[in-house]
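These are the residues of each chain, in order.
2 protein chains.
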Amino acid sequence: MSAAGEGDHAYNPYTRSCPSRRLLRELGELWSVLVFGALYDGPLRFTEIARRVDGISTKMLTQTLRTLERDGLVSREYYTESPPRVTYALTELGRDLADVMDALEKWAVGHMDEVLAAREAYDAEHAG
Amino acid sequence: MSAAGEGDHAYNPYTRSCPSRRLLRELGELWSVLVFGALYDGPLRFTEIARRVDGISTKMLTQTLRTLERDGLVSREYYTESPPRVTYALTELGRDLADVMDALEKWAVGHMDEVLAAREAYDAEHAG
Numbered sequence: 001m002s003a004a005g006e007g008d009h010a011y012n013p014y015t016r017s018c019p020s021r022r023l024l025r026e027l028g029e030l031w032s033v034l035v036f037g038a039l040y041d042g043p044l045r046f047t048e049i050a051r052r053v054d055g056i057s058t059k060m061l062t063q064t065l066r067t068l069e070r071d072g073l074v075s076r077e078y079y080t081e082s083p084p085r086v087t088y089a090l091t092e093l094g095r096d097l098a099d100v101m102d103a104l105e106k107w108a109v110g111h112m113d114e115v116l117a118a119r120e121a122y123d124a125e126h127a128g
Numbered sequence: 001m002s003a004a005g006e007g008d009h010a011y012n013p014y015t016r017s018c019p020s021r022r023l024l025r026e027l028g029e030l031w032s033v034l035v036f037g038a039l040y041d042g043p044l045r046f047t048e049i050a051r052r053v054d055g056i057s058t059k060m061l062t063q064t065l066r067t068l069e070r071d072g073l074v075s076r077e078y079y080t081e082s083p084p085r086v087t088y089a090l091t092e093l094g095r096d097l098a099d100v101m102d103a104l105e106k107w108a109v110g111h112m113d114e115v116l117a118a119r120e121a122y123d124a125e126h127a128g
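The listed protein sequences derive, respectively, from chains A and B. Mapping to our numbering: the first sequence position 127 is 127, numbers consecutive. Mapping to our numbering: the second sequence position 52 is 52, numbers consecutive.
Simulated from the structure, these hints should not be mistaken for laboratory data. The reader is advised that the hints may include incorrect statements.
Any copy will do: because identical chains look the same in the list, a pair fits if it lies in one copy or spans two.
Only pairs whose alpha carbons sit at most 20 angstroms apart, straight line, appear in this in silico EDC-like list of lysine to aspartate or glutamate [stated by the list, open to error]:
(1) 59 / 114
(2) 106 / 29
(3) 106 / 96
(4) 106 / 41
(5) 59 / 48
(6) 59 / 96
(7) 59 / 69
(8) 59 / 102
(9) 59 / 41
Using the sequences plus the hints, can you model the full thing?
Pasting the structure below:
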């Protein structure tokens, strides 16, 4: 992970115009990470995702799913039942990324206590 | 990675009031990921980081470094040379996270072509 290009790929998110910077920004979004987590165990309907990701608005979930679908990371499946059913699932590409997202989520959860302790120490040192 | 609490930890970013949600949001920020990448190979001065992360403003870099320092992920080192020198480095905790950040960055760079192809297909399908 050198900031300078490594010569072994065409993309470099350290360069402001590179499309990989925008992708990285998109993937790191809280809602992307949580939607990936919600879909990790299997396909879900829109309302099921909304229920799992507490506090996400309908608008934000719609937008997040559309972005992820356009990127080829999430697929919409239509079932012509009665009533018809639509579910969202990780694609193969999305599944590959899901492990990275999962690692990030697990890191935040697993180190929250250490981060809170660090904040307390920092605030005490910088108080007054 | 179940959206419902798993009972084996106290934090759950799927719950809107959990501090781990805010931490996850913070860590996923583009500038956090890129600053981690810049510091991956060793300590750097402020101006060196700014040079590597093309397009980051002084204000945004200052803010990002302060947040990461407060979280215990980055440390400031003062060297009382003449002129005095200040460098930023990943802490042990930050180094642990850096591998996850690196995986995310590598994923974006390594799959950019697939994502661009998916976008093209999506746009063609949804055109008109």
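Hint check:
no.: 1; hint: 59 / 114; result: neither (34 angstroms within a copy, 27 angstroms between copies)
no.: 2; hint: 106 / 29; result: both (16 angstroms within a copy, 16 angstroms between copies)
no.: 3; hint: 106 / 96; result: both (16 angstroms within a copy, 12 angstroms between copies)
no.: 4; hint: 106 / 41; result: within (15 angstroms within a copy, 24 angstroms between copies)
no.: 5; hint: 59 / 48; result: within (15 angstroms within a copy, 40 angstroms between copies)
no.: 6; hint: 59 / 96; result: neither (26 angstroms within a copy, 35 angstroms between copies)
no.: 7; hint: 59 / 69; result: within (15 angstroms within a copy, 34 angstroms between copies)
no.: 8; hint: 59 / 102; result: neither (24 angstroms within a copy, 31 angstroms between copies)
no.: 9; hint: 59 / 41; result: neither (24 angstroms within a copy, 40 angstroms between copies)
When the structure is compared with the earlier hints, violations turn up for hints 1, 6, 8 and 9 and for no others.
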